[in-house]
Amino acid sequence: DTGVSQDPRHKITKRGQNVTFRCDPISEHNRLYWYRQTLGQGPEFLTYFQNEAQLEKSRLLSDRFSAERPKGSFSTLEIQRTEQGDSAMYLCASSWSGTDNTGELFFGEGSRLTVL
Amino acid sequence: AQTVTQSQPEMSVQEAETVTLSCTYDTSESDYYLFWYKQPPSRQMILVIRQEAYKQQNATENRFSVNFQKAAKSFSLKISDSQLGDAAMYFCACDGSGYALNFGKGTSLLVTP
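Chains A and B supply the protein sequences, listed in that same order.
Residue numbers for the first sequence, in my numbering: 1 to 116.
Residue numbers for the second sequence, in my numbering: 1001 to 1113.
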């Protein structure tokens, strides 16, 4: 397994356009997380899935944001009608919630969004 | 709600010297984990060290160790024999909510030759 992968790594879009990011977690991990990170800040939690169920959403996740994990494997994060304030690095992470759970999250390299 | 505070936006250390990064947190959970993650420039975040709150012994990983003061809710990271490759953003994080880590704002560590 090569770890958590995210695609695309960089996306430049015009305000008002829709964008979609994909995350492929580590295959045996049942939990998947989305975080947003702006320059000079720590990652901020957006949402997480256990298998295909979306169990928690942050208040940061406005109605323009939607995340899915249809088969409990990869996940997509879509942002509709992008705004300049959406410019950030979107980080995906995965983890295992089994009996040997260490609490550690494994992160991808992120998808950087620039909204012009 | 959990909060994680890193009061040092930037720190600098000379190669081979020791540096300590500070972190305080606030949680109402009785059982939780604390983490230090490293984020090199344009690279993914990786775990440096982890501490389980119910363990009194401070965690160590090679040149990295923590000073965990549960009553004071303090969790500092000590890097010994600093190397150029240690230069990165360091994030302190707390896991007590059962589902996600809460991160501090980070400390940028500069290592000078």
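No wet-lab data here; the hints were simulated from the structure.
Honestly, I wouldn't trust all of these hints.
For lysine-lysine, the following DSS-like pairs were computed, each having C-alpha atoms within a straight-line distance of at most 27 angstroms [what the hints assert, rightly or not]:
hint : chain 1 : residue 1 : chain 2 : residue 2
1    : B       : K1105     : B       : K1073
2    : A       : K11       : B       : K1105
3    : B       : K1055     : B       : K1105
4    : A       : K71       : A       : K11
5    : A       : K57       : B       : K1055
6    : B       : K1105     : B       : K1070
Computed footprint of chain B on chain A; a stretch qualifies when at least three of its residues, placed anywhere within it, have a C-beta under 8 angstroms from a C-beta of chain B [what the hints assert, rightly or not]:
hint : region
7    : 9-15
8    : 107-116
Which chain B residues stay away from chain A? Per the calculated CB distances, all over 12 angstroms, these [stated by the list, open to error]:
hint : residue
9    : Q1014
10   : A1016
11   : V1019
12   : S1042
13   : Q1044
14   : R1063
15   : N1067
16   : S1074
17   : A1100
Where is the CB? At the ideal position from N, CA and C, for every residue including glycine.
Evaluated hints:
A hinted pair counts as satisfied when its Cα atoms are at most 27 angstroms apart, and K1105(B) with K1073(B) qualifies at roughly 17 angstroms. Taking the CA atoms of K11(A) and K1105(B), the gap is near 24 angstroms; set against the 27 angstroms cutoff, the hint holds. Using a Cα cut-off of 27 angstroms, the hinted pair K1055(B) and K1105(B) holds, with the two alpha carbons roughly 26 angstroms apart. Restraint check: the Cα-Cα separation between K71(A) and K11(A) comes to about 25 angstroms, which is no more than 27 angstroms; the hinted pair holds.
A distance of roughly 31 angstroms separates the Cα atoms of K57(A) and K1055(B); the hinted pair therefore is violated under the 27 angstroms criterion. Our distance criterion of 27 angstroms between C-alpha atoms is met by K1105(B) and K1070(B), whose separation comes to about 21 angstroms. With a threshold of 8 angstroms between beta carbons, the proposed coverage of the region 9-15 of chain A by chain B is violated, since 0 of its residues qualify and at least three are required. Under the rule that three or more residues need a Cβ within less than 8 angstroms of chain B, the assignment of the region 107-116 of chain A holds, with 4 such residues.
Distance to chain A confirms Q1014(B) as a non-interface residue, since its nearest Cβ pair spans about 24 angstroms, more than 12 angstroms. The beta carbon of A1016(B) sits about 28 angstroms from the closest Cβ of chain A, which is more than 12 angstroms, so the claim that it is off the interface holds. With a least CB separation of 19 angstroms from chain A, V1019(B) remains clear of the 12 angstroms interface cut-off, as annotated. Under the 12 angstroms C-beta cut-off, the non-interface status given to S1042(B) relative to chain A is violated; the minimum distance is some 8 angstroms.
Distance check on Q1044(B): its Cβ comes as close as 4 angstroms (rounded) to a Cβ of chain A, failing to clear the 12 angstroms threshold; non-interface status is violated. Taking the minimum C-beta to C-beta distance to chain A, about 19 angstroms, the non-interface status of R1063(B) holds against the 12 angstroms cut. No beta-carbon of chain A is positioned within 12 angstroms of the beta-carbon of N1067(B); the least distance is around 20 angstroms. No beta-carbon of chain A comes within 12 angstroms of the beta-carbon of S1074(B); the shortest separation is about 18 angstroms.
Residue-level check failed: A1100(B) sits 5 angstroms from the nearest beta carbon of chain A, not beyond 12 angstroms.
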